[in-house]
Amino acid sequence: MKKEIQSKNKNRNMSTNSVPKRMQSILSALTDFVVDVVGDNDNEDTVRQAMVAHQDELVTLLKANMPVQKTTSLKKVKDPDAPKRGKSSYIYFCVEKRDEIKEANPDMSAKEIIKELGRVWREDFSDKDKARYTKLSVADKTRYEEEMKDYTPPPGVGKVEEKKSKRAGPKRGLTAYIFFCKDQRAVLKDEKSELSTKEVTAELGKRWRELSEKDRKPYEKLATKDKDRYEKEKSDWVDPEGDEDSPKKKINAKKAPAKKKTKAKKAPAKPRRKSGYILYCQEIRPGLKEEHEDWTSQQVTKELGRTWSELSEQEQNEYNERANDPDESAPAPAKVSKKKGKSSKKGKSLPESDLEELDDELTDESD
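Per full-length UniProt numbering, residue 1 is the first one in the sequence shown, and the count goes up by one each step.
If you are wondering where the hints come from, they were derived from the structure by calculation, not from laboratory data.
Keep in mind that this is a model prediction, so the values were computed, not measured.
The reader is advised that the hints may include incorrect statements.
Below, simulated SDA-like cross-link-like pairs (lysine to any residue); rule was C-alpha separation at most 25 angstroms, straight line [what the hints assert, rightly or not]:
1. LYS171 x ILE278
2. LYS225 x ARG207
3. LYS189 x LEU174
4. LYS189 x GLN282
5. LYS227 x ARG172
6. LYS128 x THR142
7. LYS232 x LEU311
8. LYS206 x ASP183
9. LYS189 x GLY156
10. LYS289 x LEU211
Let's have the full structure, built from the sequences with the hints guiding it.
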């Protein structure tokens with residue numbers, strides 16, 4: 001039976017031109033697996049038993065060769081003219097008390113004012129004090145429910161749009177410095193819990209620079225091992241969206257000279273939000289340059305971009321928030337900055353949905 005399968009496989013290979021390359025590799029691997037399992041058995045029951053016995057190996061084989069499905073995040077379409085949801089009692093409180101706290105504390109930033117509002121609501125207001133805001137909230141909720149009875153959403157609203165995720169593929173290897181940071185960050189935070197995230201990063205860079213060659217070796221070994229892992233996965237990986245039949249672009253095709261466009265005068269642009277990526281580069285670049293003294297600026301910048309893209313969304317958001325915080329100063333990697341008069345104790349933060357709603361409400365009130 002083994003010879004029969006091999007002979008049929010040869011015949012099939014004669015007509016695989018129409019099969020995409022990524023499928024050819026799966027068919028070839030699957031055929032080899034079946035040939036090895038079947039061997040010289042002619043008994044159907046024996047073959048079935050052999051397949052069941054090797055099912056774990058078959059699953060591993062398919063996972064290794066099947067195209068990777070790209071995940072997508074979903075975004076719901078909203079109607080800007082839909083009835084506005086009812087405000088919570090806390091939102092009513094904030095709208096009423098925000099200006100009062102701002103006048104009493106002119107040096108407070110917007111972020112600090114929101115924190116102070118939360119503290120006053122939790123600690124200084126009794127249930128009796130909150131009752132008035134609760135009544136306003138109940139009335140507003142009733143208003144919203146009544147408006148929703150007469151509301152008909154326009155076509156397309158409420159449907160979910162697909163948003164493409166980042167390109168799939170093997171995850172690039174981490175550097176020795178990144179492995180060091182992953183290993184020592186928790187240790188440093190336990191030793192010096194009063195340090196901010198920025199100061200922790202600066203201190204890690206300082207400790208890496210002071211590390212001896214002997215102490216760096218374990219991290220360099222991890223980096224080498226991870227690089228080998230990446231190279232192997234990269235050689236075996238096939239882009240699931242690669243279209244073999246699509247015509248390739250001409251590399252050296254001459255482009256027609258582009259027409260010059262007359263620049264129209266633009267209105268003054270609104271100030272853009274600062275990028276957390278810039279802050280990340282400022283903090284990580286010194287340690288990276290110390291680790292790779294022979295790298296050019298272009299190589300260092302490319303590595304910073306790669307490691308940034310591998311941060312989780314939560315970690316990137318943290319940098320973005322710090323970059324736009326007026327209290328955050330530019331990082332000093334070689335020296336840990338000490339901030340006086342700032343308590344490291346953090347109060348309870350509001351849920352993200354409440355903060356977003358509060359931000360919208362306060363903006364409306366200021367307008």
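Broken hints, by number: Per hint list: single violation, 9.
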